[in-house]
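Enquirer: Kindly generate the complete structure, drawing on both the sequences and the hints.
Residue numbers (this note's numbering), protein chains in the order written: chain A, 5 to 315; chain B, 6 to 373.
For the record, the hints were derived by calculation from the structure and aren't laboratory data. None of the values given here were measured: they were computed from a predicted structure. Be aware that a few hints might be false.
A short, non-exhaustive set of chain B residues, derived as facing chain A with CB atoms under 10 Å [as the list claims (entries may be wrong)]:
id	residue
1	Phe10
2	Val259
3	Leu277
4	Val282
5	Val284
6	Val287
7	Ala289
8	Asp296
9	Arg362
10	Gly363
11	Val365
For each residue, glycine too, the CB sits at the ideal point set by N, CA and C.
So the chains spell out like this:
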Amino acid sequence: MSLDLEPDDAQRAIHDELARFCAERCSDAELKKQIGGFAADLWRELAALGVLALATPEGDGGAAELCLACEALGAAVFPGPLCASVLAAQILPEAERREVTAGRAIVSLGAPPLVPFAPVATLFLALDGDRIHRAAPRGEVAPQATLGGEPWGRVELELGEALPASDRAFAVHDVALAAYTAAAGAALVARAAEHARTRRQFGRAIGEFQAVSHPLADCAIRSDAARILARAAACAIDADEPDTAARAAAARFSARAAALEAAHTAHQVFGAQGIAIEGPVFHLSRRIRQLASQPPSDLRARAAVLAPYAA
Amino acid sequence: MNFRFSQEALRFRDEVVAFLGDWRDLDAFFLQGHRWPRVRDFFRALGERGWLSLGWPGEPGARPIEFEYLLWDEIAYARAARNPLASGIVAKTIARHGDDAQRRRWLPPIRRGELHFSLAYSEPEAGSDLASLRCRATRNGDAYVVRGQKCWQSYAGDMDCLWLLCRTGAQESRGASLTLLIVEKATPGVEVRPLPTLDGDRLYEVHFHDALVPASQRIGAENGAWAIMATALADERHIQFPPARVRRDLEEVVAWAKAQGLLADPSARRILADLAVRVAEVEALALRVLDAMQRGANAAAAAAANKVVHTLVCQEIARAALDLGGPEALVHGSRVELLWRQSLWETIGGGTSEVMRGIVARQQLGLG
Numbered sequence: 005m006s007l008d009l010e011p012d013d014a015q016r017a018i019h020d021e022l023a024r025f026c027a028e029r030c031s032d033a034e035l036k037k038q039i040g041g042f043a044a045d046l047w048r049e050l051a052a053l054g055v056l057a058l059a060t061p062e063g064d065g066g067a068a069e070l071c072l073a074c075e076a077l078g079a080a081v082f083p084g085p086l087c088a089s090v091l092a093a094q095i096l097p098e099a100e101r102r103e104v105t106a107g108r109a110i111v112s113l114g115a116p117p118l119v120p121f122a123p124v125a126t127l128f129l130a131l132d133g134d135r136i137h138r139a140a141p142r143g144e145v146a147p148q149a150t151l152g153g154e155p156w157g158r159v160e161l162e163l164g165e166a167l168p169a170s171d172r173a174f175a176v177h178d179v180a181l182a183a184y185t186a187a188a189g190a191a192l193v194a195r196a197a198e199h200a201r202t203r204r205q206f207g208r209a210i211g212e213f214q215a216v217s218h219p220l221a222d223c224a225i226r227s228d229a230a231r232i233l234a235r236a237a238a239c240a241i242d243a244d245e246p247d248t249a250a251r252a253a254a255a256r257f258s259a260r261a262a263a264l265e266a267a268h269t270a271h272q273v274f275g276a277q278g279i280a281i282e283g284p285v286f287h288l289s290r291r292i293r294q295l296a297s298q299p300p301s302d303l304r305a306r307a308a309v310l311a312p313y314a315a
Numbered sequence: 006m007n008f009r010f011s012q013e014a015l016r017f018r019d020e021v022v023a024f025l026g027d028w029r030d031l032d033a034f035f036l037q038g039h040r041w042p043r044v045r046d047f048f049r050a051l052g053e054r055g056w057l058s059l060g061w062p063g064e065p066g067a068r069p070i071e072f073e074y075l076l077w078d079e080i081a082y083a084r085a086a087r088n089p090l091a092s093g094i095v096a097k098t099i100a101r102h103g104d105d106a107q108r109r110r111w112l113p114p115i116r117r118g119e120l121h122f123s124l125a126y127s128e129p130e131a132g133s134d135l136a137s138l139r140c141r142a143t144r145n146g147d148a149y150v151v152r153g154q155k156c157w158q159s160y161a162g163d164m165d166c167l168w169l170l171c172r173t174g175a176q177e178s179r180g181a182s183l184t185l186l187i188v189e190k191a192t193p194g195v196e197v198r199p200l201p202t203l204d205g206d207r208l209y210e211v212h213f214h215d216a217l218v219p220a221s222q223r224i225g226a227e228n229g230a231w232a233i234m235a236t237a238l239a240d241e242r243h244i245q246f247p248p249a250r251v252r253r254d255l256e257e258v259v260a261w262a263k264a265q266g267l268l269a270d271p272s273a274r275r276i277l278a279d280l281a282v283r284v285a286e287v288e289a290l291a292l293r294v295l296d297a298m299q300r301g302a303n304a305a306a307a308a309a310a311n312k313v314v315h316t317l318v319c320q321e322i323a324r325a326a327l328d329l330g331g332p333e334a335l336v337h338g339s340r341v342e343l344l345w346r347q348s349l350w351e352t353i354g355g356g357t358s359e360v361m362r363g364i365v366a367r368q369q370l371g372l373g
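Expert: So this is what it looks like as structure tokens:
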């Protein structure tokens, strides 16, 4: 068996099925309608497709399949606590894991007091450095609107037992986040390139100007690299290779940088059209920006990335 | 998806690593011009093992291209040498486009690592716009008379032959009137002048004063060079920018930073971690080139993307080292100082970043 960067037929089928699902159920218009809220029915429909169970013992596929699924979801910036649910499914015991993967338990993963999806969550996990604790809200959740349009909240959490969070669990999380983020960035690059091919100024398509085309080329290159890194890390997880933590963390950072660069470049390429709330960029760029800053923090991943060099 | 090389290729890599044990002190990746006699021995040793002709089209001992990729990646990691043009572009082009007599004459000494070439492409007025070159070859009986100037040639002072791209038709026809000739450097009328460069090595300019080159040393048809060069480039994409060079750069910089006591600084660690991510990107993009070539796809955009990032990251690592290092990083002869000087060339030689971005924009995004 030799090198092959492309998904096999089964992996491609997972990707395509989810891409169709997203096209039907979370169009641009639908996404914009959901900003600030949480569509529980849509979340359960996603779970019913088996996505959240991938890379768990019940899953119909491993990290590679999860990676391809997240590429499809990221390209459509599918809403909801996706990566938190993926991490939760890696560390919870079977009964609770099944609740998460079935879409019945809605996960909030964060460092209190400001935690994601707090107003709608049914299962709280509190981050304390590298450790993840079960947690329960003490008192009311104060809803907090966020840049990314996700319903977060401020709440005091009572910490319970620490859950065993392995390198593998974080690596699976990082791969899901990387694949999703890289694909979201790539989707923005594709939109911006389409605009650059068709928008005419000074008598020509603006994409003929290198000041427009070269930044887009750089964004495309970075998105491609990040997608490959996510896939490589996913395969490393499935093969139980020793350096998965570093590879998954590198994919996560690479995807973040690629997507942020894509977001900023797309806003610039679309000009004034990209500034409109109802325009073609903001509902993607705000999600990318939010994912880049969401918990868990970078500290563990950054240490993992540098470990092979500084040992 | 599979991100591992075949077992056979990995066994070959082990063999290469073992072989390189004897050459760890060669350190000629950056300063080949200072170490040429030993580099020549090194290439002979590769030739003895049949490793210079691993990827030649039609060669009986040819192996899948992942072997060649791994060979030059390990050699780059060991800092031993860069892949030579003779066994790369030159030999592959002769194998594909030469006639039988040319293959018999030129390929055996190249296969043994005994005959070395320098590319003679660029001119003072023809850099990125290569198709505008002016060095002219005029047919006269069984020979060509060559007159003109080439410049910015790597290693020409040490090489045996020049792989000359020259004009044989109307200047206005650009790429359609270019021809490839092999010119032995000892030919009367060939003058090579060194141009010292800021990395401590040299480039060369070559002047042709009516040098007489036998027509039997023309490779491919007269005026047929442009298409040939495109296939030659395509044959080499997977080994031109070995990612292990970049990994080694960062390893050396991290080790240096550690020795300087800089790793305790969280901001230094953050900068180095960001660079480790960049190195991973370089590796990913290099694999994509290999993958595209293995499936027979056009790898031009993938190779351009790889070149852009590979060469930029070389510079990012070198710059970071100087930013981190304080005065010690300025000491002449230190590796970090050499990396800074050397990497400035990388985004220019072999096609500028601007040209590469243009290829990606056009071929991948339909822009321009």
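Enquirer: Take the hints in turn and mark each one as holding or not.
Expert: Do the hints match the structure? See the list:
{"no.": "1", "hint": "Phe10", "in the structure": "holds (6 Å)"}
{"no.": "2", "hint": "Val259", "in the structure": "holds (4 Å)"}
{"no.": "3", "hint": "Leu277", "in the structure": "holds (6 Å)"}
{"no.": "4", "hint": "Val282", "in the structure": "holds (4 Å)"}
{"no.": "5", "hint": "Val284", "in the structure": "holds (8 Å)"}
{"no.": "6", "hint": "Val287", "in the structure": "holds (8 Å)"}
{"no.": "7", "hint": "Ala289", "in the structure": "holds (4 Å)"}
{"no.": "8", "hint": "Asp296", "in the structure": "holds (4 Å)"}
{"no.": "9", "hint": "Arg362", "in the structure": "holds (4 Å)"}
{"no.": "10", "hint": "Gly363", "in the structure": "holds (7 Å)"}
{"no.": "11", "hint": "Val365", "in the structure": "holds (4 Å)"}
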